[in-house]
Amino acid sequence: MGSVTPRLTFSLGSESRQNQSLAGARCSTLPALGAQGEVSGRTLIDIGSGPTIYQLLSACAHFEDITVTDFLEVNRQELGLWLRDEPGAFDWSVYSQHVCLIEGKGESCQEKECQLRARVKRILPIDVHQPQPLGAGSLAPLPADALVSAFCLEAVSPDLASFQRALDHITTLLRPGGHLLLIGALEESWYLAGEARLAVVPVREEEVREALVRSGYEVRDLRTYIMPSHLRTGVDDVKGIFFAWAQKKVGV
Numbered sequence: 001m002g003s004v005t006p007r008l009t010f011s012l013g014s015e016s017r018q019n020q021s022l023a024g025a026r027c028s029t030l031p032a033l034g035a036q037g038e039v040s041g042r043t044l045i046d047i048g049s050g051p052t053i054y055q056l057l058s059a060c061a062h063f064e065d066i067t068v069t070d071f072l073e074v075n076r077q078e079l080g081l082w083l084r085d086e087p088g089a090f091d092w093s094v095y096s097q098h099v100c101l102i103e104g105k106g107e108s109c110q111e112k113e114c115q116l117r118a119r120v121k122r123i124l125p126i127d128v129h130q131p132q133p134l135g136a137g138s139l140a141p142l143p144a145d146a147l148v149s150a151f152c153l154e155a156v157s158p159d160l161a162s163f164q165r166a167l168d169h170i171t172t173l174l175r176p177g178g179h180l181l182l183i184g185a186l187e188e189s190w191y192l193a194g195e196a197r198l199a200v201v202p203v204r205e206e207e208v209r210e211a212l213v214r215s216g217y218e219v220r221d222l223r224t225y226i227m228p229s230h231l232r233t234g235v236d237d238v239k240g241i242f243f244a245w246a247q248k249k250v251g252v
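If you count the sequence shown from 1, position 65 lands on 65 in the numbering used here, and the numbers rise without skipping.
Hints may contain errors.
Stated by the list, open to error - The calculated label-pair distances, taken between Cβ atoms and stated as ranges, are: (1) Arg117 <-> Leu160: 32 to 42 Å; (2) Gly177 <-> Lys121: 14 to 24 Å; (3) Pro131 <-> Pro176: 17 to 27 Å; (4) Asp237 <-> Arg117: 28 to 38 Å.
None of these hints come from the bench; they were simulated from the model. Fair warning: this is a prediction, and the values are worked out from it, not measured in the lab. For each residue, glycine too, the CB sits at the ideal point set by N, CA and C.
I would like the entire structure built from these sequences, with the hints used as guidance.
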């Protein structure tokens, strides 16, 4: 990404990217999927966290040991700023409030964020294009009970074959019977981060479903959110967002 910072990617990057993330935060709440009570365990790994935490705001109530990961050191540093609650960290309170409102438990955004900070145990590098994405001798407890990944695999894959291989690779980190919550952009081929134009492999809903099945999952739910035209601001060509809840088959 060169000189493009996480803050530029997220704030200068645009209302459209932020709206995608708000939609992702909404979709990733377990009640929205009907998955509450089913997706739980001790360990959770967030695959390709970027500099963001919204994708963990709902799931953090159900896992006591969370690992966040990213390929870029600058993103891992940004995550560390927020987790340590240091001055200058990105303010995620709008997203936290959004999730608390949907969950309807009467929890404050401060309580939600405090819980997440307490449950994230480590920040690790990852490369989803390697057969061992976390490397040999990873500090993360493996296999994990669940994986979350938001706007990662399609963003780092040059084509569908690479997307499939990346999905295969991260699936090795998940125990049989474990759950994957996968959020991504539909039919997006590029987006702007500051002045940089970044390529994304465009995927359709059925291609996501087929990739999950090939990687050994039972697709429990797959939903799409079409991005309204007034939110398409010219900083990307995204058509919508998909959210998949899939369970790794035993024996895979």
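Evaluation of the provided hints:
1. Arg117 <-> Leu160: 32 to 42 Å: holds, 37 Å
2. Gly177 <-> Lys121: 14 to 24 Å: The hinted range 14 to 24 Å holds for glycine 177 and lysine 121, with Cβ atoms some 22 Å apart.
3. Pro131 <-> Pro176: 17 to 27 Å: holds, 18 Å
4. Asp237 <-> Arg117: 28 to 38 Å: holds, 35 Å
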